[in-house]
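Protein chains in written order, with the numbering used here: chain A, 771 to 1118; chain B, 244 to 673.
To be clear, the hints were calculated from the coordinates, so they are not data collected in a lab. Ideal placement from N, C-alpha and C gives every residue a C-beta, glycine not left out. Warning: the hint list may mix true and false statements.
[Stated by the list, open to error] Facing chain A, according to a computed beta carbon distance under 8 Å, are these residues of chain B, among others:
#1 Gly361
#2 Gln367
#3 Gly385
#4 Leu388
#5 Tyr511
Single-letter residue listing:
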Amino acid sequence: MRKYFVLLAIVAQVSVLAYMAIKHEVILATGDPIYLRTAPIDPRDPFRGDFVRLSYPFNTVYAKRTRGTVKDHVGDKGYQVYAVMKPTENDLYTLDYLTDQRPTEPLYIKGRITNRHWSRGQGAANVKYGVEQLYVEQGSGREIERTRGTRSGIQIPMEVQVAIGDDGTAVLRDYRWSKLAIQLEILRFNRQNRRNNSSDQNPAPVELSPKLRITLKNVSDSALVISDPDDHCGFKLVPVAWASKTYAPLDTSCEQIASSSRSTMTLVPQQAYQAELDLSKPRWHMRIKNKDDITSEGEIGMDNNSDMFRIIYQSPRPEQLPSSASTSQAIWQGQLPSRAFNARGRID
Amino acid sequence: MTKQIRWLNREISAWQSEQLISDQQATQIRARYAVGENPSGWDKLIFPVMGAVVFGLGIILFFAYNWADLHKYQKLAVVFGSLLTVHGLGYYINRSVPAKKGLAEGMHVLGTMLFGAGIWLIAQIYHLDEHYPTGLLAWGLGALLFAWVLPSVAQGLIAVVLFSLWSGVEIVDFRQTFHTSWLTILVGLVPLAWMMRSRALLFFSLLAFSILFIYNIAENRSSILNYLPFFLACLYMALANLVIPSRFPESASVLHFIGFATYMFCLYLFSFEFHGGYFSRHSSYQWGSLAYYFTPITVSSIAWLTVFTQTWLHLSKLQRWEAYLIWSAMSLVTAASLIPIQSNVFGFSLLLNSIYLGHCIVLIKQGIQKVSWKRVSLGCILMAALLVVRFADLFGSLLIRALLFVLLGIGLFTVGHFYTQQKQRETADA
Chain A
771 MRKYFVLLAI VAQVSVLAYM AIKHEVILAT GDPIYLRTAP IDPRDPFRGD
821 FVRLSYPFNT VYAKRTRGTV KDHVGDKGYQ VYAVMKPTEN DLYTLDYLTD
871 QRPTEPLYIK GRITNRHWSR GQGAANVKYG VEQLYVEQGS GREIERTRGT
921 RSGIQIPMEV QVAIGDDGTA VLRDYRWSKL AIQLEILRFN RQNRRNNSSD
971 QNPAPVELSP KLRITLKNVS DSALVISDPD DHCGFKLVPV AWASKTYAPL
1021 DTSCEQIASS SRSTMTLVPQ QAYQAELDLS KPRWHMRIKN KDDITSEGEI
1071 GMDNNSDMFR IIYQSPRPEQ LPSSASTSQA IWQGQLPSRA FNARGRID
Chain B
244 MTKQIRWLNR EISAWQSEQL ISDQQATQIR ARYAVGENPS GWDKLIFPVM
294 GAVVFGLGII LFFAYNWADL HKYQKLAVVF GSLLTVHGLG YYINRSVPAK
344 KGLAEGMHVL GTMLFGAGIW LIAQIYHLDE HYPTGLLAWG LGALLFAWVL
394 PSVAQGLIAV VLFSLWSGVE IVDFRQTFHT SWLTILVGLV PLAWMMRSRA
444 LLFFSLLAFS ILFIYNIAEN RSSILNYLPF FLACLYMALA NLVIPSRFPE
494 SASVLHFIGF ATYMFCLYLF SFEFHGGYFS RHSSYQWGSL AYYFTPITVS
544 SIAWLTVFTQ TWLHLSKLQR WEAYLIWSAM SLVTAASLIP IQSNVFGFSL
594 LLNSIYLGHC IVLIKQGIQK VSWKRVSLGC ILMAALLVVR FADLFGSLLI
644 RALLFVLLGI GLFTVGHFYT QQKQRETADA
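With these hints in hand, go ahead and build the complete structure from the sequences.
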């Protein structure tokens, strides 16, 4: 009798491993493949060697992007949620909304709330989707981090391909690098955090907001077309999700501007385009509403502001492109965010 | 084989060569002091098992390199192939060559290590970032299964380590408590240790169970952290008395060792300043908290009542004194937790100090009676530890401090005198 029990124990161990392998193999074979943009960093696991930790924008979801009763469960570790994804350009998908009810939409990723990380702001749900680690051969992790670039250098976003099963389980399949890279440099910032309401009789005019240099570089092996119409309308200034105040741009003239053949440019491989953006200029002024609903208008650097922002390069919409360019395959499509920064010159 | 038997066998050989005894007499003496086979066969298993564990860890690290040139199906073939081969070999050797039982068990241990390696390798292949302690749990369950079906002490020990790691990581890394962890060890491994008469497995299972039980319960109820280890220790010491007439009397030493060490440590901490009043400090109680509080008190009280009613007559005078002291400490701590004692902290502390001191004296007396220098030394060290801390706490006057040292010196001198006398008496009797 004992020999059958021993055989049963062997079968049990093999079955556990077989279940793990087959479940994920089926998802890889039959699941819907989508790309997600991510930021990799390279730690090490004693059991599994090198892996690249992947951080997605939708790992932290704020209340306004949630549905159902997610808001009431942001502190419930392990609570199951579903991230409904929507397509953007280049097969990339971003979060549409986060819900705790099984969605009717076809593409969603199952995740669980984790309260391990510091939650910036209030009502933010920290979520893990099981695709935050990419295992690589020992030594390759550092190589990936080098390719991705440093905080103040040229950064190439990583885009991972995941297969999504019918129940929302996501399995990492592959990764690729964005064809366009971005660099953020702060050329000037208000070192003393001086304010306009200084008590000096005749205060010298002070720019409260930083001046930036944004570099876009073609890191692919073919030519790319980008567009930056007048007054740098190819870029927009966006507060991060955890900003303490609400911001709305005062100048909306860029919405109407169409790209002209003069503003589109072709970057050959390794060629870069640089734009200097002075955020103290009216083009970048904002309507700022604080927690007490008090509204002010002006530069983002007003009132010793420590909120973080990003500059996002936004490719022109098809209707904004000149007819000659709209059919070209070489136009880079999508959004490319810079690192987060604040008016005091800090880069996150 | 004990040291004495080894010594006797060497002497018998010498006596034979010196023709002091005949070959027949030598055989008769050897037969008289024959040593039975170690029931667990632990001495034969230790090297194959250790080899398997170390080899398995090497395999895990080998896989951790994550060879990019190997296709994932090749990696899966390595995982499944090695697991089936090693377990298959273990099964074959066990069935065909019973004399190589140690090797067969070593193979199954290696199989369990490869099972663990397989979990991490498959997680690596598919980039799984799920809750990683679950991997340790699955691995531990795989080891537990083999511990029962073979049965195997080595697999049981692996399961203890893995369950402890699983629960430890859940508590430390994820701030999550799982009562299933200590329950699995209590239900899954302690009975196995008993069934296999394995003191090693019993020791590690009880140690892991006690630590996980206390941490998992006290994680959200730190106020009962004082009481749980104390009453658990009292329970173990009662069980140590109760298991002597059982089929596994060797377990008494394990239970007494864990119980007494924890009990004296708790008593030492209580001797500083015992703040009871658990119930008077908490105005609202939940049934869960009440159960966690009263269960250890009730179970240890029942166990000691059983000791008093069933084994009392078999206990020596000093063992009875020890039982009185433990019972008094239990009554005091229970009473102190039920009533507010803020006004009488000093009185409770004094009584607990006296009980601690009483245990030291009992230990020293037991040591002198049995001519055990270990017990005498332990008693003296514990007593000195108490006097050193009380020296700083209580006695401000230099004169009293000096007197205390003189008394301690006289005490130790007296202990030494009685110990030497007893030893001389035993030598003369021999």
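Hints versus structure:
With its C-beta approaching chain A no nearer than about 5 Å, Gly361 of chain B sits inside the 8 Å limit, and its interface hint holds. Taking 8 Å as the C-beta contact cut-off toward chain A, the hint placing Gln367 of chain B at the interface holds, the least distance being around 4 Å. With its C-beta approaching chain A no nearer than about 5 Å, Gly385 of chain B sits inside the 8 Å limit, and its interface hint holds. Interface restraint check: Leu388 of chain B against chain A, minimum CB-CB distance 5 Å, threshold 8 Å, status holds.
For the restraint placing Tyr511 of chain B at the interface with chain A, the shortest Cβ-Cβ distance is roughly 37 Å, beyond the 8 Å limit, so the hint is violated.
Checked against the numbered hints listed earlier, the structure breaks hint 5 alone; every other hint is satisfied.
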